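Trainee: If you want the building blocks of each chain, they are given just below.
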Amino acid sequence: MKVEGDNDYLQKIWTRFKSGDQEAFAVLYNLHVDHLFHYGTKLCKDEDAVKDALQELFLELFLKRGKIKVAPENLKFYLLLALKRKLVKKLQSDRKITHDINESVGFEPQYSIEFQIMEQEKDAEINLKVTNALKQLPAKQKEAIYLRFNEGLEYTEIAGILEITVESVRKQVHRALKSVREIIGNESPLLLFSFLLKKDK
Amino acid sequence: MEQLSKYIENKNFILWVFEPTNELEAWWKQFENDHPEEKINIQHSRRVLLKFRTTNQNLTEEEKILLFSRVLRRVEFKQRSGISRNLFTGFLKYAAVALLFFSIGALLFYKQNQFNPQFYSQKLAEPIPENSAKLIRANGEDILLKQDKSVIKYEAGGKLVVDNDTISTVISKNPKDLAMNQLIIPYGKTSELLLPDGTKVFLNAGSRLVYPEIFVGKTREVFLVGEAFFDVKRDEDHPFIVQVDELRIRVLGTKFNLSAYPADNVVETVLAEGKVLMEQNNAGLFDKAIEMAPNQLASFDRTTKKTILKTVDTDNFILWTAGMLKFESTDLNRITKRLERYYNIRFQFSDPMLGALRISGKLELKGGKEEICERIASVASVKIVKRGDNLYEILK
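Those protein sequence lines, which keep their order, are chains A and B. For the first sequence, position 73 (counting from the first letter as 1) is numbered 73 according to this note's numbering, and the numbering increases by one without interruption. For the second sequence, position 7 (counting from the first letter as 1) is numbered 1007 according to this note's numbering, and the numbering increases by one without interruption.
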């Protein structure tokens, strides 16, 4: 069954969902639940809290479907943002403090390169450096690059979630990319070479 | 920076690096071939991007279904005050069938409070493919059924016989292991199935039945999409339960016909002998029970959630199992729908009003589609013209 990337299909599913069709609801659930859980567990370490939030999220999605004004292709963004709001609220009430949305939660991804088995010592070295560099990044920057690459969101959408300007999202992503490229570039003669070539142009 | 940004800013590229599909793979391979000078940039961009990939905690299928069934349950609960939901209206038939199974899976799970992971690995989400009747066993084995009317038997001693060939012996003896089998019968075919408890099931065209290889536990539970006639072996200690999307039919030992096609707005249960209890799934609990007596038809309307009981001639609903259809003042719409399924053909009405014509009579199905069309045409005083390979038009 074709699911992603087929706008026509998504539109049909969305229309059916809007009319209250539970089967269409199940399609949407299946389409988004994995991404949401991945993102949620990076914001909040407590898996059960994330699951509770997801349950609330989908329940509200269904009950308030008539009022939701979002194009089906932007649903992912809408859900990610809604999930984050729920988790932030939960974390804030747990700690009995109120802060702005992005200060009270961290963002702690595990980068997969930490687990990659590298055949070359050089690669292992690079990966260690990259991992350390990524870990040093501010939470917001980590979240921005996560949303951009792992979730494939648009800059405008990321800006909406992080509550910063599009320009500064772009800057954050570019900065992160640059630091990684510098590490790779300095350590690998071949890639350094290509890196220099590009600088010349 | 320019050289790499070109790729790193490209969503299609990001998608390829992070969630590659065969299509994307082919596209980028082609691109590399067409632009060999870009190869090094592509590789480098890819390498840089990959550093950002994170490891993810995943929900298991089980957790996902549990979570969704909780949501559904709460939805039903909130809606209990009587807001009816609109139902499936004919388009996206495949998606509906697939999802029906999703909901059945969820129901199975929270009802039995145990989950069989195989249930999901069995390609339940696949649409019914044309012309490929098959039996999918719990171990993932696919058995293609070549006959138009296949006969499947689970014999004593754990022997599985398909169209007179012994396929294999049933292995699973672990009481916790609810190994599910799935019988898929497309349009144009039917099947006769003998379950391990001695219950006989006639599966009509365009239907699926999911059932365990061996019945374990307190109940004998099966799941149906489409139409089937059940001749249930009496066993008072182990009630037999047929689950359709929103209903469950609970019996001890009876004969009844159940029609629950996703495209129809009504689920019809016709009782030939014995006693059945029809329970409506409301708020995730089966709490509205209707007891049926022989010769009764219970029509459950999926939109209004109301059930209407009336007395009928059961032959009209059951004779299909013997290769016959019997009608009593039945509208042409209904009749053509049945024939479409049985022969895997399509009918068109030149004037929709023609669908409301009512006819009575008995039709032998064995004669083939051309013969049936002639019979219908003469009884209903209409013309039936062949418009394509499997397409017929009904005219005044």
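A portion of the hints provided could be inaccurate.
[To be verified] Some residues of chain B that are not near chain A, with every Cβ distance over 12 Å (derived):
#, residue
1, 1004
2, 1011
3, 1036
4, 1044
5, 1078
6, 1147
7, 1186
8, 1219
9, 1253
10, 1255
11, 1264
12, 1323
13, 1331
14, 1345
15, 1366
16, 1368
[Stated by the list, open to error] Calculated cross-link-like contacts (lysine-lysine; reagent style DSBU-like; alpha-carbon spacing at most 35 Å):
#, chain 1, residue 1, chain 2, residue 2
17, B, 1064, A, 76
18, A, 45, B, 1011
19, A, 51, B, 1200
20, B, 1305, A, 18
21, B, 1218, A, 12
[Claimed, not checked] Under 8 Å between C-beta atoms, here's a sample of chain B residues computed to sit facing chain A:
#, residue
22, 1013
23, 1014
24, 1067
25, 1074
26, 1297
27, 1379
28, 1382
29, 1384
30, 1387
31, 1391
Please keep in mind that the hints were generated in silico from the structure rather than gathered at the bench. Only a predicted model underlies this, so the values are computations on that prediction, with no experimental measurement involved. Beta carbons: idealized from backbone N, C-alpha and C, even for Gly.
Trainee: Now tell me, hint by hint, if it's right for this structure.
Mentor: To see whether the hints hold, each was checked on the structure:
1. Taking the minimum C-beta to C-beta distance to chain A, about 7 Å, the non-interface status of residue 1004 of chain B is violated against the 12 Å cut.
2. With a cut of 12 Å on Cβ distances, residue 1011 of chain B falls inside the contact zone with chain A, its closest approach being about 6 Å.
3. Residue 1036 of chain B, annotated as away from the interface, keeps every beta carbon of chain A farther than 12 Å; the closest lies near 15 Å.
4. The beta carbon of residue 1044 of chain B is not kept farther than 12 Å from every beta carbon of chain A, the shortest such distance being approximately 6 Å.
5. In this structure residue 1078 of chain B is not separated from chain A by more than 12 Å, as the shortest Cβ-Cβ distance comes to only about 6 Å.
6. Residue 1147 of chain B, annotated as away from the interface, keeps every beta carbon of chain A farther than 12 Å; the closest lies near 28 Å.
7. Every CB of chain A lies more than 12 Å from the CB of residue 1186 of chain B, the least distance being 17 Å, so the non-interface label holds.
8. For residue 1219 of chain B, the shortest C-beta to C-beta distance to chain A comes to about 25 Å, beyond the 12 Å cut-off, and the non-interface label holds.
9. In this structure residue 1253 of chain B is separated from chain A by more than 12 Å, as the shortest Cβ-Cβ distance comes to about 33 Å.
10. No beta-carbon of chain A is positioned within 12 Å of the beta-carbon of residue 1255 of chain B; the least distance is around 31 Å.
11. Distance check on residue 1264 of chain B: its Cβ is at least 15 Å (rounded) from any Cβ of chain A, clearing the 12 Å threshold; non-interface status holds.
12. A cut-off of 12 Å between C-beta atoms confirms that residue 1323 of chain B is not in contact with chain A; the least separation is 33 Å.
13. Once the 12 Å rule is applied to beta carbons, residue 1331 of chain B is consistent with being away from chain A; the minimum gap is 27 Å.
14. At roughly 25 Å, the least C-beta separation between residue 1345 of chain B and chain A is larger than 12 Å, which holds for a residue marked as non-interface.
15. Non-interface call for residue 1366 of chain B relative to chain A: holds, since the shortest CB-CB distance, roughly 36 Å, exceeds 12 Å.
16. Against chain A, the non-interface label of residue 1368 of chain B holds: every CB pair exceeds 12 Å, the least being about 34 Å.
17. Restraint check: the Cα-Cα separation between residue 1064 of chain B and residue 76 of chain A comes to about 17 Å, which is no more than 35 Å; the hinted pair holds.
18. Proposed proximity of residue 45 of chain A and residue 1011 of chain B is supported: the alpha carbons are some 29 Å apart, at most 35 Å.
19. Only pairs whose Cα atoms come within 35 Å are accepted, and residue 51 of chain A paired with residue 1200 of chain B is rejected, the gap being roughly 43 Å.
20. Restraint check: the Cα-Cα separation between residue 1305 of chain B and residue 18 of chain A comes to about 20 Å, which is no more than 35 Å; the hinted pair holds.
21. For the hint pairing residue 1218 of chain B with residue 12 of chain A, the CA-to-CA distance comes to about 41 Å; that exceeds 35 Å, so the pair is violated.
22. Interface restraint check: residue 1013 of chain B against chain A, minimum CB-CB distance 10 Å, threshold 8 Å, status violated.
23. This hint holds: residue 1014 of chain B has a C-beta 6 Å from the nearest C-beta of chain A, less than the 8 Å allowed.
24. Against a cut-off of 8 Å between C-beta atoms, the interface hint on residue 1067 of chain B holds, since the closest Cβ of chain A lies about 6 Å away.
25. With a least beta-carbon distance of about 5 Å to chain A, the hint placing residue 1074 of chain B at the interface is held under the 8 Å criterion.
26. The interface hint given for residue 1297 of chain B is violated, since its Cβ lies 26 Å from the closest Cβ of chain A, which is over the 8 Å cut-off.
27. Hint on residue 1379 of chain B is violated. Least Cβ distance to chain A is approximately 37 Å, over the 8 Å limit.
28. Of the supplied interface hints, the one on residue 1382 of chain B is violated, with its beta-carbon coming no nearer than about 34 Å to a beta-carbon of chain A, more than 8 Å.
29. Residue-level restraint check for residue 1384 of chain B is violated (minimum Cβ-Cβ distance to chain A is 33 Å; threshold 8 Å).
30. Evaluation of the residue 1387 of chain B hint against chain A yields a violated restraint, the C-beta minimum of about 27 Å exceeding 8 Å.
31. The criterion of a C-beta within 8 Å of any C-beta in chain A is not met by residue 1391 of chain B, whose closest approach is roughly 24 Å, and the hint is violated.
Comparing the model with each numbered hint stated earlier shows that hints 1, 2, 4, 5, 19, 21, 22, 26, 27, 28, 29, 30 and 31 do not hold.
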